[in-house]
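We have chain A; now place chain B onto it with these hints.
So the protein lines, in turn, are chains A and B.
Add 21 to a position in the first sequence, counting from 1, and you land on the number used in the numbering used here.
Add 7 to a position in the second sequence, counting from 1, and you land on the number used in the numbering used here.
I should point out that these hints are in silico values taken from the structure, not numbers from a laboratory.
Hints should not be assumed to be uniformly reliable.
[What the hints assert, rightly or not] Covered by chain B, per the in silico footprint, the following chain A stretches (three or more residues, Cβ under 8 Å): (1) 38-45; (2) 62-76; (3) 122-130; (4) 134-143; (5) 159-171.
[What the hints assert, rightly or not] Sample of chain B residues at the chain A side, in silico, Cβ under 8 Å: (6) 15; (7) 18; (8) 21; (9) 22; (10) 49; (11) 53; (12) 57; (13) 58; (14) 59; (15) 62; (16) 64; (17) 67; (18) 69; (19) 70; (20) 76.
Even for Gly, the Cβ is constructed at its ideal location relative to N, Cα and C.
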Amino acid sequence: MTQIAPSFAETLYREHGAALLSYLRRRFGRGDAAEDLLQETFVQAVRTPARMEAATSPRAWLFAIARNVGLTAARRRRDTVPLASDVAVQSGPRPDPRVAEMREAITALPDTLREALELRLGAELSYDEIASVLNIPVGTVRSRLHQAVRQLRERMRPAEERRP
Amino acid sequence: MNPELLERLLIDRGLGALAPDAVQLLDAYLREHPQEAASARDYSNVASLARRALATPEGVTLPAFPRDRILLAERTAQRWRRARAGLAVAASIVVGFGLAWMALPRTGVAPVDGGPPQMAAAEMEGSNSSSLWSAERAFGRSSPARSAGAPAGFTWTSTGRRPAFGDRS
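For reference, chain B alone in the conformation it holds in the complex:
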């Protein structure tokens, strides 16, 4: 047998980690090879002494089972869990209120004075745009001042009927 393999087997046997059938085979091998038996005894003795040196001494007095300590630890853990849950709820409420406050429409914040539309219209009046949807067309037709330049003989006298050519107000 390979000496390294034999050594591994002998150590495992000394440590009690060899399967019983493997132990039997090893013993049979050692009976046929007495020159290896001394080495086997050596490992066995070392392991046996180490086992005795490290054995759990008899009559060890165990302290009482730490029931109180476990209960105390559990109570502390529960307190932490509750505190964490409370903090989570509080944080959710704060975030919820924050989001709601941001989402609410602002009333009475921006006064409606008609300024911006007039300014926009005025700005657009100065432009050269005269397309169908231009401000010039829209304001020009509804304003009497602007209609001064309208062609003679075409006056819209009533909103109830369509203007006809030649009508006068």
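This is chain A alone, in the form it adopts within the complex:
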């Protein structure tokens, strides 16, 4: 089993590892926890090499495993999912105040909407792939994403415009 899988898994690790780590940090991780979850994701992935090689979208498949691994770990820790600081950590050397404001707005979104948005814009998964990761219909994914963008637009609108 492991004679075949690791080479392919290593390729997947190089290709998608950074996006997965970023996703895990945003949703579950603090410090080394996200790295541990990333490694566990690949340990789980290698256990079913046939599925790994037959996956229509290995990226979506890995995100689904990462999500399950993260949720299981969070359940064990009885931890709450993301913190504003986890999202804010990713700012560049000169953070744009509008981007920082957007991060806060994203953090304030309901979890289901935020997760769909993270998978679309952070992990760059298609609607179909997001549906497969979250195990929900594509229509629900579209609806969640639209709601998320509408809410963000409302939050990002200048205060004077929001007044009736």
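Positioned in the frame of chain A, the structure of chain B alone reads:
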């Protein structure tokens, strides 16, 4: 265009989920309807900012590929598989022996002392049955004590020949 449909298209375009030909059509529509263009720019900006906020940061240091951890997990899984296989074999052997033990004939367990048949015959003697296969007929003819009541002049003297009327032992 229906405002709700237009909004959906604008959001999908902002999220990068609209097909290129649909984007071209939408752009053409917006050129002809400048009053909708502001809304389109708004959605575009929101999506763009959200994309920047959620983008995977460059220079992420990946931990090493967990080769050792995978091998360890595989070894553990193999051990479990072997243990399960061993347990299955052991269980099969135990069940096999159990079934064989139950199926074997019991020798020397029930002593043959002739008691039950005699008792049965004795019980049947007391009954009033006198049919062809009755115990009374079977035992009555072979026992000398019982043949005392047989009709005179009809005695079976030899097993070698058929008895004849008038024979005497």
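- Checking against the hints above, which ones are violated? Structure breaks no hint.
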